[in-house]
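S.K.: One-letter residues, chain by chain:
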Amino acid sequence: MRIELERRPGMSGFFAIVSPLVALALTVIFGGLMFALLGKDPVDALFSFFIEPLLEVWSLHELAIKAAPLILIAVGLSVAYRSNNWNIGAEGQFTIGAITGSFLPVVFYEWHSPLLLPLMMILGMVGGALYAAIPALLKARFNTNEILTSLMLVYIAQLFLDWLVRGLWRDPAGYNFPQSRSFVTEGVLPEMLSSGRAHWGFAFAIIAAVGVWFMMRYMLKGFQVVVLGQSERAGRFAGFSSRGMIWFSMLFSGALAGLAGISEVSGSIGHLQPSISPGYGFTAIIVAFLGRLNPLGIIASGLVLALTYLGGEGAQLSIGVSDKVTRVFQGLLLFFVLSCDTLIHYRIKVVLGKGRALIAGAGR
Amino acid sequence: MTNTEQLLAVEGLTKLFGSFAACDGIDLEIGHGEIHALLGENGAGKSTLVKMLFGILAPSSGRVCWKGKLEDIVSPAAARRLGIGMVFQHFSLFEALTVAENIALALDENVSIDEISQKAAELSSAYGLPLDPAAHVADLSVGERQRIEIVRTLLQNPKLIILDEPTSVLTPQEADKLFETLFKLKAEGRSVLYISHRLEEVQRICDRATVLRHGKVTGACDPRGETPATLARMMVGGEVATVMRDDGVTAGDVQLEVRNLTLRPRTPFAMELKNLSLSVRAGEVLAIAGVAGNGQGELFDALSGEYTTEDNDAVRIRGRAVGRTGINGRRLLGAGFVPEERNGHGAVSALSLSDNLLLARNRSDARSFLSGGILKLIRHEAVKGATQRICEAMDVRKSGVDPAAGSLSGGNLQKFIVGRELDRQPAVLIVNQPTWGVDAGAASRIRQALINLARAGSAVLVISQDLDEIFEVATTVAAISEGRLSQSYPAATMTREKIGLLMGGMHGLETANAH
Amino acid sequence: MIIEAILLTVITASTPLVIAAMGELVTERSGVLNLGVEGMMIIGAVCAFAVAQLSGSPLIGVGAGILAGAVFSLLFAFLTLTLVANQVATGLALTILGLGVSGMLGESFVGVPGVKLQPIAIPLLADIPFLGPLLFRQDLIFYLSILLVVGVNWFLFRTRSGLKLRAIGDNHGSAHTLGIHVIRTRYLAVLFGGACAGLAGAQLSLVYTPQWVENMSAGRGWIALALVVFASWRPWRVLAGGYLFGAVTIGQLHAQAFGIGLPSQLLSALPYAATIVVLVIISQNRRTTLINTPASLGKPFVPDR
Numbered sequence: 186m187r188i189e190l191e192r193r194p195g196m197s198g199f200f201a202i203v204s205p206l207v208a209l210a211l212t213v214i215f216g217g218l219m220f221a222l223l224g225k226d227p228v229d230a231l232f233s234f235f236i237e238p239l240l241e242v243w244s245l246h247e248l249a250i251k252a253a254p255l256i257l258i259a260v261g262l263s264v265a266y267r268s269n270n271w272n273i274g275a276e277g278q279f280t281i282g283a284i285t286g287s288f289l290p291v292v293f294y295e296w297h298s299p300l301l302l303p304l305m306m307i308l309g310m311v312g313g314a315l316y317a318a319i320p321a322l323l324k325a326r327f328n329t330n331e332i333l334t335s336l337m338l339v340y341i342a343q344l345f346l347d348w349l350v351r352g353l354w355r356d357p358a359g360y361n362f363p364q365s366r367s368f369v370t371e372g373v374l375p376e377m378l379s380s381g382r383a384h385w386g387f388a389f390a391i392i393a394a395v396g397v398w399f400m401m402r403y404m405l406k407g408f409q410v411v412v413l414g415q416s417e418r419a420g421r422f423a424g425f426s427s428r429g430m431i432w433f434s435m436l437f438s439g440a441l442a443g444l445a446g447i448s449e450v451s452g453s454i455g456h457l458q459p460s461i462s463p464g465y466g467f468t469a470i471i472v473a474f475l476g477r478l479n480p481l482g483i484i485a486s487g488l489v490l491a492l493t494y495l496g497g498e499g500a501q502l503s504i505g506v507s508d509k510v511t512r513v514f515q516g517l518l519l520f521f522v523l524s525c526d527t528l529i530h531y532r533i534k535v536v537l538g539k540g541r542a543l544i545a546g547a548g549r
Numbered sequence: 355m356t357n358t359e360q361l362l363a364v365e366g367l368t369k370l371f372g373s374f375a376a377c378d379g380i381d382l383e384i385g386h387g388e389i390h391a392l393l394g395e396n397g398a399g400k401s402t403l404v405k406m407l408f409g410i411l412a413p414s415s416g417r418v419c420w421k422g423k424l425e426d427i428v429s430p431a432a433a434r435r436l437g438i439g440m441v442f443q444h445f446s447l448f449e450a451l452t453v454a455e456n457i458a459l460a461l462d463e464n465v466s467i468d469e470i471s472q473k474a475a476e477l478s479s480a481y482g483l484p485l486d487p488a489a490h491v492a493d494l495s496v497g498e499r500q501r502i503e504i505v506r507t508l509l510q511n512p513k514l515i516i517l518d519e520p521t522s523v524l525t526p527q528e529a530d531k532l533f534e535t536l537f538k539l540k541a542e543g544r545s546v547l548y549i550s551h552r553l554e555e556v557q558r559i560c561d562r563a564t565v566l567r568h569g570k571v572t573g574a575c576d577p578r579g580e581t582p583a584t585l586a587r588m589m590v591g592g593e594v595a596t597v598m599r600d601d602g603v604t605a606g607d608v609q610l611e612v613r614n615l616t617l618r619p620r621t622p623f624a625m626e627l628k629n630l631s632l633s634v635r636a637g638e639v640l641a642i643a644g645v646a647g648n649g650q651g652e653l654f655d656a657l658s659g660e661y662t663t664e665d666n667d668a669v670r671i672r673g674r675a676v677g678r679t680g681i682n683g684r685r686l687l688g689a690g691f692v693p694e695e696r697n698g699h700g701a702v703s704a705l706s707l708s709d710n711l712l713l714a715r716n717r718s719d720a721r722s723f724l725s726g727g728i729l730k731l732i733r734h735e736a737v738k739g740a741t742q743r744i745c746e747a748m749d750v751r752k753s754g755v756d757p758a759a760g761s762l763s764g765g766n767l768q769k770f771i772v773g774r775e776l777d778r779q780p781a782v783l784i785v786n787q788p789t790w791g792v793d794a795g796a797a798s799r800i801r802q803a804l805i806n807l808a809r810a811g812s813a814v815l816v817i818s819q820d821l822d823e824i825f826e827v828a829t830t831v832a833a834i835s836e837g838r839l840s841q842s843y844p845a846a847t848m849t850r851e852k853i854g855l856l857m858g859g860m861h862g863l864e865t866a867n868a869h
Numbered sequence: 014m015i016i017e018a019i020l021l022t023v024i025t026a027s028t029p030l031v032i033a034a035m036g037e038l039v040t041e042r043s044g045v046l047n048l049g050v051e052g053m054m055i056i057g058a059v060c061a062f063a064v065a066q067l068s069g070s071p072l073i074g075v076g077a078g079i080l081a082g083a084v085f086s087l088l089f090a091f092l093t094l095t096l097v098a099n100q101v102a103t104g105l106a107l108t109i110l111g112l113g114v115s116g117m118l119g120e121s122f123v124g125v126p127g128v129k130l131q132p133i134a135i136p137l138l139a140d141i142p143f144l145g146p147l148l149f150r151q152d153l154i155f156y157l158s159i160l161l162v163v164g165v166n167w168f169l170f171r172t173r174s175g176l177k178l179r180a181i182g183d184n185h186g187s188a189h190t191l192g193i194h195v196i197r198t199r200y201l202a203v204l205f206g207g208a209c210a211g212l213a214g215a216q217l218s219l220v221y222t223p224q225w226v227e228n229m230s231a232g233r234g235w236i237a238l239a240l241v242v243f244a245s246w247r248p249w250r251v252l253a254g255g256y257l258f259g260a261v262t263i264g265q266l267h268a269q270a271f272g273i274g275l276p277s278q279l280l281s282a283l284p285y286a287a288t289i290v291v292l293v294i295i296s297q298n299r300r301t302t303l304i305n306t307p308a309s310l311g312k313p314f315v316p317d318r
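Protein chains in written order, with the numbering used here: chain D, 186 to 549; chain P, 355 to 869; chain X, 14 to 318.
What the hints contain is simulated information worked out from the structure, not anything from laboratory work. Idealized CB from N, CA, C, for every residue including glycine. Hints should not be assumed to be uniformly reliable.
[Said to hold, decoys possible] Distance windows between CB atoms, simulated:
no.	chain 1	residue 1	chain 2	residue 2	range
1	D	Ile-214	P	Gly-698	37 to 45 angstroms
2	X	Leu-20	D	Phe-362	49 to 57 angstroms
3	D	Ile-392	X	Pro-313	30 to 38 angstroms
4	D	Ala-318	X	Gly-69	48 to 56 angstroms
5	X	Val-84	D	Val-292	47 to 55 angstroms
6	P	Phe-371	X	His-194	20 to 28 angstroms
7	D	Val-242	X	Ala-286	45 to 53 angstroms
8	P	Gln-443	X	Phe-170	29 to 37 angstroms
9	X	Ala-18	D	Phe-362	32 to 40 angstroms
[Claimed, not checked] Taking lysine-lysine and the DSS-like style, the derived pairs with C-alpha atoms no more than 25 angstroms apart in a straight line are:
no.	chain 1	residue 1	chain 2	residue 2
10	P	Lys-513	P	Lys-531
11	P	Lys-540	P	Lys-513
12	P	Lys-540	P	Lys-473
13	D	Lys-534	X	Lys-312
14	P	Lys-513	P	Lys-423
15	P	Lys-752	P	Lys-738
16	P	Lys-730	D	Lys-406
17	P	Lys-473	P	Lys-423
18	X	Lys-177	X	Lys-312
19	X	Lys-177	P	Lys-473
20	P	Lys-738	D	Lys-406
21	P	Lys-540	P	Lys-423
[What the hints assert, rightly or not] Chain X is nowhere near these chain D residues, computed Cβ spacing over 12 angstroms in every case:
no.	residue
22	Phe-199
23	Ile-214
24	Glu-241
25	His-297
26	Leu-308
27	Arg-326
28	Ala-342
29	Trp-348
30	Gln-458
Chain D with its partners taken away, still in its complex shape (with noise of 0.2 angstroms):
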């Protein structure tokens, strides 16, 4: 028995839509036999994980607080991708975009103005920029690869904003704690509603996914992107410049996740501590393969990894499993989406014997 490929003359529109959804019933399918296996009810399990968040007003608010820097940052990563530039560093730009969004409220920690939030935003967007320039400069100058030079920036970035808040930007008041001191109000990112704490931030996702959308699709630039990211001499033959798009793509991307990280900073946290994410940046990028890197599949996916936090929260406190099922959901999800998309763009045959085959994703 063997498992054959046969390429289909075009993508298939169907299973475009029809994999995504696939791919998260069968995740939920084995988190359920997960958590059987961990001696919890599966139906039970599955409930105050994917159901309850969605129940209250409060954890709707909460849905959006997390959901707001996934989308942010896994819309800037979708069109890095898109472009063939996989910037997988989003972590550390979201890190040093929070530490340089931070800079006025923490060292002009007097300042009240109104202008305070405007230009941590962009001091934020700033940073995250700069950050992402250095494996673009790396790869436009040098040829070397930006997966591995954008990841080991994560790192350096959280040892930088450890360093940062337990010594020079720590708060003298703070019983050496290591974190900045709090922001003026001036400082922090606002509630949207009175029904909950949902900041700011998620209206800055929507119209970062809404914009992005428009820029695919109607103007050149996003045309630039899809051919640069298809073939790299077609691009040239534009008159294109795929060294141009490596700047493009990755400042762009750098900026938006340090927009995510001083708004989550901001609006969510309040001061700069030694742990501001729970792997929001490398979440992100699941999020965006999800969405097909799409960004309105992305506000629909940002939502749904919002929710297995949300759930991995709730389900330790009711049902006394490990908040690190998370992560196991999150991986189990990205793993589906890949290998449901497959079916995008082959039929799946299982050959039997000589002559006997199924063929899955047939007649489509």
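Fit chains P and X to the known structure of chain D by using the hints.
M.R.: Coordinates of chains P and X only, in the frame set by chain D:
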């Protein structure tokens, strides 16, 4: 029922890909010591047929008899065991490995590399195809690489050797050497299945021919008893429009000029361009002949502006120095370009035809296709309209209104790509391999379009490996060899032999025959 | 004495890098890019620790680590070789899943004192002054790492199977045409890479710090990937590079211990910064890169049948 058994007898061989029949009920017979031609256009099913004979593809139905016995050839190893060898058109070589290692990988037994080196060296000189076993394939020319393929096959002592378009990468003189080798094999009692679409060669060396069209056999004959016209009709099935050339056109001003173009190779395996000069006048079609790998791609890149040169004067379009100008700058001056590769260079197969139109004309036609000032919004309707217009003008066959470029056949995609440039009435058109891998109908249409463009007053530069094509379209001919360009000669004074010598690099001939 | 002690720590720090890199080297030589080394390594670490704890024998733990890494890599192989999924994304998925699963499995083992793999002295050789205790009184995994380098080098460049594997990495289309089993060989190469990563992980939790800490691989898997590029896919260069990185990694720990006035975070960042520098240097030389990089690395392969 013949008394003497045939070496190979194929009956009703069919191969289905989904519902598409690449081969449909093919019958074929090859005797001992026979050179048998397999004729047909691109897409006729020749490659599929031989892949089945060599065990790479499994037939959907039909029988194969080898030396009178029914056989089921399940793998290349099985084919080799029977005594069938194959030299592919596209070589199965490994660049990073040596000649000896490449040969070793094609052999089935575990013979040591040293022994293989020795045997290969002996065999290659015995058949007139010298090789150095220790050389890395990456450093070898195309002709030398083909020798590896042939020696590799001969080492296994085959009774039947299948050759797939072997002369497409050889100069006429190298081809003659190959034919000598084939006659030697025939004298030893071996047979050759010779795949080609070149009628003149087939008539020269082959005893019998089988003609395929659309997967079916349309004729089996003695090629020497036929004329090129009758063979062509069997291959193509109807009359193909002969290309009409008007030899009386007077040339106008110089529209494209190259002066002393010298370019260092961009990558370690690229060809250096040495002191190239040429000029093309309005109304002229300059054809540059050359076997693959002699700098054609590098020349095209320098002319198109995808890679600029330091010397601004090295390339002039319509009198303006453009050496340092990029491709869109040159397009704005009225130049159009058709590169050698359809997939991944001239077009992107995953994108729609209208997207591929925008690919080449986003700058030159910015006024029609873009709007919104700095935002550069794409006017999808305008682009789609222009796409339809081009498809109608060039008779592009496609499924759907705006399908992905990858769903078109080679010929139709090439018609679109050429039409995309013609639609702009370019003053200068530079084309690299206009009809490579394209069916006869589309090829003839494209060549006529090139001639018509020149007749309307444009300067056309065609780089081609196909001498037939060159003789059809050119008013002037030159040859490129090892990065050097020969002088240009009026097409009327050119012969195949002369071009062949120039392609092979015998530039001394030029000074010897100074007029 | 002090130099000896330092060199010993260098060896311990370098060994997992060398092992993981050798496995990935074989995988990449066959044309497959597996970014999941970090995930396979951490899975190996947690399984080795857990099994060593439960069975009381670190040796069985080592075996478990190898097995775990190999089985985990099977997921990657199935997705990228049979279902032809994007190799970069799948490798990342493997890492994320590995970090998650290992975190879960290891939870009950946090803070539990580990079972250390004891060194084995090779008779006669261990008595050589200076070199003896250094090289011949080491744990099993160190000896395996050296055997790996020698063995892989011999396999790749002196055997027919190794030649076939290199051929696949150079041009999988041609290899298939010649009748070489591309997919099967790649499966084996990926499994080998997984086993090595698992062994490297076992070294971390049974020799380096006999303990289980979440995310204890700390990016070593990524460094191993960089190491393969740095070594231009040649086994002996992996050994040299691995020890270079190991020295930097351990050097900064010693510097911190000695109280050198630099902040500990800066010193901890050194191995990562060094990796970046090394990558830049090696990618500068385009000809070397072009000749040594397996040409079909990362490209999907679907044979027609």
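S.K.: Each hint: holds or not?
M.R.: Hint-by-hint comparison with the structure:
no. : hint                                      : in the structure
1   : D:Ile-214 x P:Gly-698: 37 to 45 angstroms : 40 angstroms, holds
2   : X:Leu-20 x D:Phe-362: 49 to 57 angstroms  : 40 angstroms, violated
3   : D:Ile-392 x X:Pro-313: 30 to 38 angstroms : 36 angstroms, holds
4   : D:Ala-318 x X:Gly-69: 48 to 56 angstroms  : 53 angstroms, holds
5   : X:Val-84 x D:Val-292: 47 to 55 angstroms  : 51 angstroms, holds
6   : P:Phe-371 x X:His-194: 20 to 28 angstroms : 23 angstroms, holds
7   : D:Val-242 x X:Ala-286: 45 to 53 angstroms : 47 angstroms, holds
8   : P:Gln-443 x X:Phe-170: 29 to 37 angstroms : 31 angstroms, holds
9   : X:Ala-18 x D:Phe-362: 32 to 40 angstroms  : 37 angstroms, holds
10  : P:Lys-513 x P:Lys-531                     : 21 angstroms, holds
11  : P:Lys-540 x P:Lys-513                     : 10 angstroms, holds
12  : P:Lys-540 x P:Lys-473                     : 21 angstroms, holds
13  : D:Lys-534 x X:Lys-312                     : 21 angstroms, holds
14  : P:Lys-513 x P:Lys-423                     : 15 angstroms, holds
15  : P:Lys-752 x P:Lys-738                     : 14 angstroms, holds
16  : P:Lys-730 x D:Lys-406                     : 8 angstroms, holds
17  : P:Lys-473 x P:Lys-423                     : 32 angstroms, violated
18  : X:Lys-177 x X:Lys-312                     : 18 angstroms, holds
19  : X:Lys-177 x P:Lys-473                     : 21 angstroms, holds
20  : P:Lys-738 x D:Lys-406                     : 19 angstroms, holds
21  : P:Lys-540 x P:Lys-423                     : 22 angstroms, holds
22  : Phe-199                                   : 18 angstroms, holds
23  : Ile-214                                   : 16 angstroms, holds
24  : Glu-241                                   : 27 angstroms, holds
25  : His-297                                   : 32 angstroms, holds
26  : Leu-308                                   : 22 angstroms, holds
27  : Arg-326                                   : 9 angstroms, violated
28  : Ala-342                                   : 9 angstroms, violated
29  : Trp-348                                   : 4 angstroms, violated
30  : Gln-458                                   : 15 angstroms, holds
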